[in-house]
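Peer 1: The chain contents come next:
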Amino acid sequence: MKTNKIFISGDEAVAQGVKLSRPHVVAAYPITPQTITVERLSEMVEAGEMDAEYMHVESEHSAISATMGASAVGARTFTASSSQGLLYMAEGLHYCSGGRWPVVMMNANRSVALPWSIYGDQRDSLSLLDSGWIQVYVEDAQEALDMIIQAYKIAEHKDVLTPMMVNLDGFILTHTYELVEIPDQEMVDQFLPPFETPNKMSFENPKNLGFSSRPDDNTEFKYQQNEAMFNAIDVIRKTDEDFTEMFGRKYHGMVEEYMCEDADVVLVALGSVCGTVRVVVDKLRAEGKKVGLLKIRYMRPFPVEEVKDLAKRVKAMGVIDKDISFGYEGTVYTNVNSAISQIDKYVYKSNFVGGLGGRDITKAEIEDMYNKLYAGLENKSEETVEFFSLNVEGND
Amino acid sequence: MSRPKHTEYKIPQHINDYPTGPQYEAGFLPEKNAGWRTFKPVVNHDECIYCLRCYLLCPDGTIMKDNGKIKIDMDYCKGCGVCAHECPKDAIEMVKE
Amino acid sequence: MTKVLDIPKVNAKNMTEKEFFYGHKACAGCGGSIAVRLALKVLGERTYSALPAGCMSAVGFIYPQMAFNSNAIITTFPGSASMAAGIAAGAKALGQKDFKTVVFAGDGGTADIGFQALSGMIDRNDDVLYICYDNEAYMNTGIQKSGLTPYGTKTTTTPAGKNIPGTITHKKNLFEIIAAHDIAYAATASIGYPQDFINKVNKAKHVKGATFIHVYASCPTGWGTPTETSVEIAKDAVDAGLIFLAEYEDGEYKLNRNPKEFKSVEEYLKKQGRFKHMSDADIQCVIENRDKKWERMRKNWL
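Residue numbers (my numbering), protein chains in the order written: chain Z, 1 to 396; chain H, 1001 to 1097; chain V, 2001 to 2302.
Bound conformation, chain Z alone (with noise of 0.2 Å):
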């Protein structure tokens, strides 16, 4: 197969995924770091590289709801944001998802104000777990550019019909800049359908759309969406598979496990972060410690079966957040912990809070944390929440 590299940051690599799935409308209002997404999407239509009407929006509020507009009437809408932007669209997140419409959304994860900072960790997205969209969180420029791809399959998918959000972490994906294989167009298009939907607006086929309901009917609307999101975990195994025959690369589905067929401790973790883990395990693994890495990829929906099988079969957890529900623990743990508990075994579960507002997560750091995991393990500990990279001494 002929191969096309080139050298793209992550930002640039979304950008090359949305004019490669053809959408008909472009929505979005600059934030860093998610400029050059949409500088690159405009330079792509301004050329005529790209046959999309390109929305100039006053606001990320304006953005979510004009591709909301866009794809009541059938179109394929892509729109761009992160942190303070997404958290302004909130209201529409729910909106699109109740409203069963598959728009693609990238978000550059960045921390969120206050105290300001461009710079990145998952609050954002995390913070709306509940809203009702697909999130997958990539590790590589690479990834991002195939999800985006995925993405259109997986949300227009005729039993999901649910928005989806693509994670890049803001600045460590969506400004690095790395070799980056541009698929076929022909082939994308044979991967990529035209968008299909029942939930449109047409003048063959007149419709109200995004009506009240009375209490009578309000749970059975709720109940098929979650069904919705539910029915996306097998269209995303499936839609996964199918990439990797048509393009080779694979990203393993809901998750991706690094060295834990035989391992004893793992670490969880979401997106770039995932890159630093993973030379940690080949570290540690020849020194002869049976520790590995499980990648999630989806947030939501959630993979219980992927990780209550791997509780199974190890001893002890660590989830990394770069994120913090205040009061309680890191929502990524949350999530894993719940699923963990459905199992009827001791295993070691221990949360590391840090990585926030663009702080470096080390080598060293991941190490400590599995050296932890190990003593928790053998002290028979209760799980623990702990923020791993304070500069100073925290209170005990």
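Hints are computed from structural coordinates only; laboratory data are not their basis.
In this text, all values refer to a predicted model and were calculated from it rather than measured experimentally.
Backbone N, C-alpha and C define an ideal beta-carbon position, used for all residues, glycine too.
Warning: the hint list may mix true and false statements.
Derived DSS-like pairs (lysine-lysine); straight-line CA-CA distance at most 30 Å [to be verified]: (1) Lys1096/H / Lys2025/V; (2) Lys2097/V / Lys2203/V; (3) Lys2097/V / Lys1032/H; (4) Lys158/Z / Lys290/Z; (5) Lys1096/H / Lys158/Z; (6) Lys2100/V / Lys1089/H; (7) Lys2293/V / Lys2271/V.
Per the computed footprint, the stretches of chain V lying under chain H, defined by three or more beta-carbons under 8 Å from a beta-carbon of chain H, are [stated by the list, open to error]: (8) 2032-2046; (9) 2070-2079; (10) 2224-2234; (11) 2243-2249.
Starting from the known structure of chain Z, arrange chains H and V on it as the hints suggest.
Peer 2: Coordinates of chains H and V only, in the frame set by chain Z:
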């Protein structure tokens, strides 16, 4: 057909009987509004000059043209009385139901 | 821009007999529903309607009763202009032709929460007709003050008491704010002058790009008026000079109606429960504000 008509709605028995998300056939009317009325409009066709002011101003669009005469869809008239009040010939009277 | 001279006139005799807003649950005598109904009859079958939270969406889309007999959608409250713009852009990208996208939003949905999106829509010159039906308060939520509630009005958030005489601000100057965007076509109207409103909708229908109509639409429930007087009171407001009929086109303002004498402001106000408490001084304040505005309009718009 100039107006949507009252339509029977089948109460869903299975989740798949619901539409996929909040979307439904435009102009689907399982309910009538006649029950709102206290007064109903009665047209005196001898006085009516067919100026269509009532047709224009009915908030519910229930007044229709019927071979040179006006006719009211009593399924959806709420009895607000705008037609009678605006009639230049006082050809519509509001009568207690 | 299509020259508006050649547009065929629409009136009660020749307009489509089809009804596109039917079986809705609006209060009896609702002025907003007259505006929506007439506009849709002028715009015809090939129309996408977008309505934010507000009376007309609340009464039109209660599953399974679907009162819009053509394509329609409820939008986010602040996002009606942008959702409509998305509809227009999506339909265009799909190759659809000869259709119109229209917004029906209330005064709060337009002058307050939806204003940013509306400004963006006009700035981008999206192919959308935005109609604001102005009943001068948040009626759907139970009559709270909006940016278009006039001076003196008693609402549930501007109660009239010993210390404050109801609403103490004048209506936001929405029409001129919209015109200041250099919009291709904007107009004010009242359901009290239905043919004028129809003509303006018809004109906007034939303009490509963003257009705006601000239509005064009575609310018997919120105004404390008998249901049968909804059209009359909306006409009175114009005749008393409190609402003006004007257009903005090709960069020029035009005053459509310039009465030699105004009808009594006091009579207009005293017909309505929402103004009953107003003192002579408050009424004088309304009149002075009216006169100042007319002096300026007559000087610049004639």
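Peer 1: For each hint, tell me whether it holds in the structure or not.
Peer 2: Here's how the hints hold up against the structure:
Straight-line distance between C-alpha atoms of Lys1096/H and Lys2025/V comes to about 21 Å, which keeps the hinted pair within the 30 Å bound. Under the criterion of a C-alpha separation no larger than 30 Å, the hint pairing Lys2097/V with Lys2203/V is consistent with the structure, at around 18 Å. Taken as a hint, the Lys2097/V and Lys1032/H pair is broken in the structure, with Cα atoms around 35 Å apart against an allowance of 30 Å. For the given pair, Lys158/Z sits about 42 Å from Lys290/Z by alpha-carbon distance, which is inconsistent with the 30 Å threshold.
Our distance criterion of 30 Å between C-alpha atoms is broken by Lys1096/H and Lys158/Z, whose separation comes to about 53 Å. Proximity of Lys2100/V to Lys1089/H is assessed by CA-CA distance (about 37 Å); at most 30 Å being required, the pair is judged violated. About 23 Å separates the Cα atoms of Lys2293/V and Lys2271/V, which keeps this hinted pair within 30 Å; it holds. Counting residues of the region 2032-2046 of chain V whose beta carbon lies closer than 8 Å to any beta carbon of chain H gives 4, which reaches the threshold of three, so the coverage claim holds.
A count of 3 residues in the region 2070-2079 of chain V with a Cβ less than 8 Å from any Cβ of chain H is obtained; the coverage claim is therefore met, three being the minimum. Figure legend: the region 2224-2234 of chain V, annotated as covered by chain H; annotation consistent (7 residues with Cβ-Cβ distances under 8 Å, at least 3 required). Counting residues of the region 2243-2249 of chain V whose C-beta lies closer than 8 Å to any C-beta of chain H gives 0; at least three are required, and the coverage claim is violated.
Checked against the numbered hints above, the structure breaks hints 3, 4, 5, 6 and 11 and satisfies the rest.
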